[in-house]
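Student: Residue numbers (the numbering used here), protein chains in the order written: chain A, 1 to 382; chain B, 1001 to 1449.
Don't read these hints as lab results, they were simulated from the structure. All clues stand as given, with none of them false.
Which bits of chain B does chain A cover? Going by a derived footprint, with three or more residues having C-beta under 8 Å, they are:
| id | region |
| --- | --- |
| 1 | 1085–1091 |
| 2 | 1126–1137 |
| 3 | 1143–1152 |
| 4 | 1182–1190 |
| 5 | 1347–1355 |
| 6 | 1376–1388 |
Just so it is clear, the structure is predicted and the values come from calculations on it, not from any experiment. Built from N, CA and C at the ideal position, the CB exists for glycine as well.
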Amino acid sequence: MVPVAALTGLQKVKYIYNNRLDRVKELKSEGKRIIGYLCSMAPLEILEAAGLVPFRIMGSPQKGTASADVHIETNMCPYVRNCFARGLEGEFGFLDGLLLSHTCDSVLRLYGLWKYHLDAPFTHCVNVPHTISEPTIRFFREEIELFKEKVEQYAGQEISGPALRASIELYNANKALVKELYGLRKEDPPLISGTEMMETLVAGLSIPAREFNQLLREVKDEVITRPPKLTKKPRLLLHGCIMDKTGFVSLIEKCGAKVVMDDTCIGTRTFWNEVATDGDLLDGLIDSYFKKFQCPRTYRGRSLHRFDYLRQYATDYNAQGMISYIMRFCDCHSLDAPDMRDYLRELRLPVLIVEDDYTEGAVQSLRVRIQAFIESVTEISV
Amino acid sequence: MVTSSSEFAKPIRHTDAAKSVNRVLKDWYARSQEARAKGAPSAWVMASTPPEILEAFDIQAVFPENYGAVSASRGQAVHYINIAESEGYSPSICSYCRNTLGYIQERQQLKAEPPDAPLGGMGDPSMLLSVSLCCDIRIKWFQTLATRYLKVPIHIMESLNPPYGLDMTDERIKKHYIDVALAELRSLVAFLEEQTGRKLDERRLKQVIANSLVARRLLYQTYQLRKAVPSPMPSEDAFACVVPYLYMRGTSFAVDFYQKLHEEVKERVEKRIAVIPEERYRILWVGMPPWFNMGIFNYLESLGTVSAIESQYYMGTPIEVDPEKGLQALAEIAWLRSVEQHRQGAEIAPEQSGPSGDVAGLPVSLVESFARDYKVHGIIVHLVQSCRIISFGQAHYKNVLRERLNLPMLSLESDMSDPRLWNDTEIKGHIKLFIDVLGQRKGTTAVKQ
Ligand code: SF4
Ligand code: SF4
Ligand code: SF4
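The following block holds chain A by itself, in its conformation from the complex (with noise of 0.2 Å):
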């Protein structure tokens, strides 16, 4: 086998995406501490700055949920269920703490049976309000000082303004990167499949945001060189919940349509919004991670043009098509999905919404449903 330090580019991230555990147990081997956390609308780049390294938990649809559904009811979001059971039998046994916040019901609900079940030297719940006013951005500022007071405390040392502002600058490089990515992604063909893309942002990720800007810069320098694909497919917009393999979006393009955008966690919601650092760094911080923070979990007005950038998003990337993944249990994306249809509806752009319970066996099963609704929105196309 090649080692990993001789890959590069898609090789590379492929490798990263296989084992995603094995470059922070390296890392932690060499007595760097490790901090998992969940979506997170609280700032990794106060983790980095403290010179600790930040490590999205993910599930494995292949293992099931049985060890966390002792301690959690089934009708929980199944992903969350998912990654606590990989936390019991000891998958993350590696981290030295756990940063949450309160994204959704289901993960301020992990967060009390984690620390209750694993607690770490670090853990901690960034609180976030679900609507944006004067009031609770005022806290949201409070929740961000207690949070880098904790991180402070616990790694010892204090967060000075240069290394803040370093921290979110290399976080910022990393979105900047990715938006470059995406930009390939407007070719048509694209330049970048969805499931390349995909895969890059999972191993990303899974290794700190230095080594992720250099990931990037490789596949962005050999998707440019390679010679490009010929056949033209449908162009399709991704939407919904938490998707962290490879499974859903590759089989949507092995039916023949090409993913070139996506609204969901590890994608845009991500890594759309860049830090300010023009002004005060917590206000940057605040307007990311906030106020930008693109989720239906925080309420962003009565009317249907909170979908607006969905419109926008199809037309810069030239998608005829949508498809929504809805986890089961996930209210959020659930209550959401009529309002979405019908707006996508005025629009005139076909929409397909599936739910699934991040099993492998119902991936498969959406196969079907999946290339009628590409011949479809080929034939409108044509």
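Dock chain B with the ligands against chain A, hints included.
Tutor: Below, chain B with the ligands without anything else, positioned relative to chain A:
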């Protein structure tokens, strides 16, 4: 799956107070219909929006969650739920919510109150008031109503609670939470001032808060009386009697209601008027009840078993706060309630308190003390499929209580308002077996020492 309604029974209640609640509901809905007809400010409100403030503004409020229970108990929920599902709302969504969405959809199609609408329907509100406590549904539900159906002003109140493990003695944390709570109360008040064209009447608010504290205390004292053996007041009565507390606790009506309830239960204890003459077993009911089949509690009674106490709609211990502080008093109530809940272990009760102290989710130690203090022989845990939030923690209760208590536990699964999830044969079969188990252990109440 059972769909016929023949197995669903209305409850036979025991106390006069509980028996009067149907009338209370009817009068309440009639009052708000009347007020609306006169053009008075009216609202659809999410429970836990401080009823004290609604009362101080004299807002005629109806609560879609309550309407979910009302529709279920009157056999109308499936009809509305089907309509909502055909509109694309997932069956996994809270059945109270699906019930409202189906109801409003039908009403809009008919351009009139649906003829079968329970209690004459919820009518047209002049505003929508929601609160973020407890579940994501509550925000999304009202957002949906405002987007699709009701073009009236909407206000969403933020309700934030300290996560498990925070140091609740830290003054900075306290200030952090009280500040935001107070700001949110003020912003609700500002919204209502704008909607009603009236200033908040501070004197009235103080009076209302004082009433609310009295109502709570009386209800709490009544719950203390329920510890008596034989049980003077069972869960089916309690589930009815919380209506004034949940929705109108600042009114003098609520104070009277709880005064009478307290006297009645006291008298029942003194005269040993029991729910069932031969009380063989007492159980603790964990979770929401099946509103479409409250007769299930009478079924238990037919087997010599009374549900002596329940985990849902607990009012918490009385809190000493000076009502003269107005809004500040409400914010302090909420904070003190959180402190109390943290003391009892908030690992599965992350949203401990509503903006005026409604308890959302009980810490495991509290449930344990219920089991001990109410001298139960067993615990029935009712998992309601479509409310993840109230069901959450039940597995943890079972794990922890198994270690701490020596009590049989039965798990049932159905729903609070979706009768399609009720399997009568299976559920009753499980209950019978469970009671057999209790019989074999006769004489054993709680408790590992
Ligand atoms: S849906 Fe929203 S809250 Fe949930 S994981 Fe995704 S971005 Fe985070
Ligand atoms: S899929 Fe939905 S319920 Fe699950 S973690 Fe994400 S936001 Fe929460
Ligand atoms: S707490 Fe449960 S019953 Fe109440 S609105 Fe939320 S999901 Fe529905």
